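We have chain A; now place chain B onto it with these hints.
Spelled out, the chains give:
2 protein chains.
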Amino acid sequence: MIPKDHPRYASLVKREKIAESAWDGVVAMEGVGSHGRGEAFDYLIGEKTIESALLAEKTAAALFLDASFPVISVNGNTAVLAAAEIAELQKATGAVVEVNLFHRTEERIVKITKILEDAGVSVLSGRAEKLLDLSHDRALCLREGIYKSDVILVPLEDGDRCEALVNMGKKVITIDLNPLSRTAQTATLTITDELTRALPNITAACRDLGDEEQKLLIENLNNKEILKGAIEAIQENLSNAMD
Amino acid sequence: MIPKDHPRYASLVKREKIAESAWDGVVAMEGVGSHGRGEAFDYLIGEKTIESALLAEKTAAALFLDASFPVISVNGNTAVLAAAEIAELQKATGAVVEVNLFHRTEERIVKITKILEDAGVSVLSGRAEKLLDLSHDRALCLREGIYKSDVILVPLEDGDRCEALVNMGKKVITIDLNPLSRTAQTATLTITDELTRALPNITAACRDLGDEEQKLLIENLNNKEILKGAIEAIQENLSNAMD
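Residue numbers (our numbering), protein chains in the order written: chain A, 1022 to 1264; chain B, 1022 to 1264.
Pulled out of the complex, with its shape left as it was, chain A reads as follows (with noise of 0.2 Å):
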């Protein structure tokens, strides 16, 4: 049991969350690992919402408020961290929710779906396709979800899979916690930020943009500077452990 006074525990309750749920077959066992490295940028961006990050969060949401066919694509660690925030930025958004995994079996995506469902999400079926440019079951997605996007949200996302829906023309949302990724580098935008952090933000700027603030988020759109913002972050904090 984790003490509720550690000052870490939002932290270290995820860690045991994403732990169970590979016991649990729900997350890969690389997205263990995954999540550890998540661990480690979150804590150098100071575990909290970096103003680069904020302005990458409310310009996602302009995105989306944009889009003609708006998607969200959803995988284990996500869906185990973050259900009820998924729910919330549907509800928001009117997105499709896809379940699409890099490791993917039927019993994930039965299991995956199942939690989303619990915590209020639709979530689309159908039968998945080769329908991305990628080799193996990587290039699976659904033609009415994935396919069909314009504007599409992959948190935590893998780096090919991120560049092949760039390819196609979609506006790609990532967010992902290490600005010096290949997801982080090659998407449209990037939010370095903390996957239960960002959702509500995105949310919360989905109900609060005006048209005017809306379309000028889009116009400045600038990914690089935001994420020269995040290793600008971690460089402060790296300077004041060093005092």
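These aren't lab readings, by the way, just hints derived from the structure by calculation.
Since the structure is predicted, the reported quantities are computational estimates derived from the model, not experimental observations.
Using N, Cα and C, we set each Cβ at its ideal position, and we do this for glycine too.
The reader is advised that the hints may include incorrect statements.
[Unchecked claim] Residues from chain A that face chain B, not an exhaustive set, calculated with beta carbons under 8 Å:
#	residue
1	Glu1051
2	Arg1058
3	Ile1255
4	Met1263
Showing chain B alone in chain A's frame:
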């Protein structure tokens, strides 16, 4: 299968080994996440032995050569990643090797001992007693091993455990890729390097160090400066990434 020409082949092979060993019950599920955190920091230091780490590795060798009763504490991750390297270091130092686990079960002790013995390590056996100033099973160690050590290498160690050993007056050497971790900050000497790069460097220095150099390394040991070197290396890599 990971293609051998993948630029990050060595790192991906280690990731796979750790994941497989979790299914085998050798590595704790928590160890999979820890490995992920380590990977993130290794990425940030450039996946190579930085200058301050090489100095720390030579200083570790000097401490080993100067010790009356050197001990190497080995956990699941260390055994899976570096059993052969532990065997070599044991040969070069004459250190006692004790299996000591944060998530301790008899079953894991037996499995890890076998991995080490198969690689040629002589592993201390005996009845563990609560000899460290920590709660529960984390206090357990062997009277003729860790308890008796004056110099102890604890790769990939927990912060509380590291602090307890320091408080017992031992010279504690750790290998920890996060220069900001409590373990890194608490140890007598911190090597910010990946395990399978660090251990052979210590072994080589044990064989090469002259008496005068050994003495100077110990006299000039300044862990704060060593950690500063690691943090500066990360900052430099981040600056280069922004160009």
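Verification of the hints:
1. Glu1051: Holds, because the Cβ-Cβ distance from Glu1051/A to chain B comes to roughly 6 Å (cut-off 8 Å).
2. Arg1058: Nearest chain B Cβ about 4 Å off; hint holds.
3. Ile1255: holds, 6 Å
4. Met1263: holds, 6 Å
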